[in-house]
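**Q** If you want the building blocks of each chain, they are given just below.
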Amino acid sequence: MLDRIADKARNGKRLDRDEGRFLLAEAGLLELGALAQEVRFARVPDKRVTFVIDSNPNYTNVCITDCQFCAFYRKPGDPEAWTLTVDEVLAKIEFAASKGATTVLLQGGHNPALPLQYYLDLVTETRRRFPQVTPHFFTASEIQTMAMVSQLTIGDVLDRLWEAGQRTIPGGGAEILSERVRTRIEPKKGGPAAWLDVHRDAHRRGFKSTATMMYGHVETPDDVVDHWEAIRELQDAHGGFTAFVPWSFKPGNTLLEKWIKHYKGPNAYLRMLAASRLYLDNFEHIQASWFSEGKRAGQIALHFGADDWGGTLFEENVHKAADYVNTITVEDITALIREAGFAPVQRTTTYEIVKAW
Amino acid sequence: MRFSDGRLTPIWDKVRAGARLTAAEGLILLETEDLLGVGRMADHAKRRREADRVYFVINRHVTPTNLCVLSCTFCGFARKKGEAGAYEHSIEDMVAMVKDGVREVHIVGGHHPEWPFEYYERMIEAIHHAHPEVQIKAFTAAEIDYFWRRWKIEPKEALARLKAVGLRSMPGGGAEIFSSRLARLLKYTGKADPERWCEIHGIAHALGIPTNATMLYGHVETLAERVDHLVRLREQQDASGGFLTFVPLAYQVATTKLVPRQTPPADSLKTIATSRLMLDNFPHVEAYWVTLGEETASIALNFGADDVNGTLEDERIQHLSGAETPAGVAREQLLRMIHDAGKIAVERDALYNVVQVWN
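Chains as they are written, first to last, in numbering that gives the first Met the number 0: chain B, 0 to 356; chain W, 0 to 358.
Derived by calculation from the structure, the hints in this document are not laboratory data.
Ideal Cβ placement from N, Cα and C applies to all residues, glycine included.
Hints may contain errors.
Stretch-level coverage of chain W by chain B, calculated; a stretch enters the list once three of its residues show a Cβ under 8 Å from a Cβ in chain B [unchecked claim]:
#1 114-128
#2 257-265
#3 290-297
#4 339-345
Extracted from the complex, chain B is given alone in its bound form:
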């Protein structure tokens, strides 16, 4: 089977569902990794590994969606609930910008008390005050929340965000794009279409976005293949995804922790990365997540098909809420990439090259 997959991958032929399941469940890890690396060099030919200087602040932890995998949110009225003003968020962006950030990935809970103007002000003010920073704001489900609160269509909300100056959307909230999984772990967030429709509408308007995956909870290989199929098909239609970013579910302080005590380890991660590189034949970039999987696993991931190191994440609160903390500096990033045998190159939100380090 792996020989057949290798032939297809080398000749630019698309893998099918059976082959995808085989990669996830049966293929030898190192054979899979070596093939993924071959494909990575065919798609991104040099030994370049990109990274972005970024920060991931949050504007509210208030959320009405009660996802079972989330340790970050609080219900409205909870004593630990908080929502920042526009000025308070801008202070965080100013901090990130002062440290050289070119991307700020801003996301938050689904807080029905916030009007559309709040979000638009965040984009407008960020563009005005920090022109060097790309506002990489609001995941699909937050955009849905804006539409619900303002009684506009998703398309209308996207148009307003575009007018305010937004051009990219982060890919969070995909989890696993399978009806079965989403019903089990996030019943109030909607099925795969909820996430896919927002990204489709965004790509049609010229937005770029990323596609993510959070694995290591209740999904089966078949659910993962569903996920890959959905984003590969959408990428065929509009080409709006810049990168694919998988990470493992962190159970600390979540409702799912009762059933799933530990996150999946580094070998499972390397398998997911390498298999994704092979299946997602229309994605240029696959991101190694030093943040969620550890710096050492991140370095090894660069030998398993990944070509991007992710970002500095000066601020991060979602994993932190699950008692998972990891920090890095730009110097550390460039040293880690070099040590792994690659050339560090700083990029923008949309994967344009800023400079080689």
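Fit chain W to the known structure of chain B by using the hints.
**A** Below, chain W alone, put in the same frame as chain B:
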């Protein structure tokens, strides 16, 4: 098998045929950028011996003292008498440290300036008497050599006397890197030199005491020096045959700072894989999670390693040298490291007798 480095193809032919690799080929394995190429070959060699099995032991460390007459520059553990943090355990304390349920107790310490050989003999005897079912793995070749230097007790006599009171096997420490250049540079000339280290292991093997072997890498040694180390161990194993496990030790930077950063995981994986391929007469190659970190150790199980050492309650030497891993982990944590790698976890004793298969 396809390789991104064509130099690996003839080596793969030899590996498949079960032929012995040369030092020049060992050097290619360490130098190449084709990490997964080396890994796939080592995984093949590992599977041929052990299929999907990976071993671990429920063990604890007892470190009798950190007083040491030596001053090796890579060591963050040793202290001089009167120095802050210096300690000496009584035999009663050490007996009390060992609990039933532990399969192996690993005893390694500093070269104490005054303790007579009889103190060590009584230590082994007392622990063995109190816990006859616990297998005692004690004293590196460097310590056995020190009994000669300090007390003029021949290694053969020392080992025979220790075996008589309960010693079952010997750890592989004190080998560092077999290089007179590095022994001078890193000030370990006062320690058993490579010939002496190998001689003492040969004596142990002749007495029926199985041993391990280590290599301290990732500091200022050259790749050629690593290969030379492996070749010497392979020759000694041909001669005396009593080595059980090779344990590569990644140098911990924190306190002694011979190099600015710890060697990257790709280097550790390549070193483990190369060891598996070069040491064709060693039954086991270990991924020592304390110095590698748990992530890299788990990945290494797909790069030729078939052992993760053990629970290591109260490990001190690497931790005082800056290892960031927790000191001692539960069996469940070891099982996760092994199962994540897709392997079958086999609990063993000090001599690789199977205690239980965990799945």
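**Q** Of the hints given before, which are not true for this structure?
**A** 1
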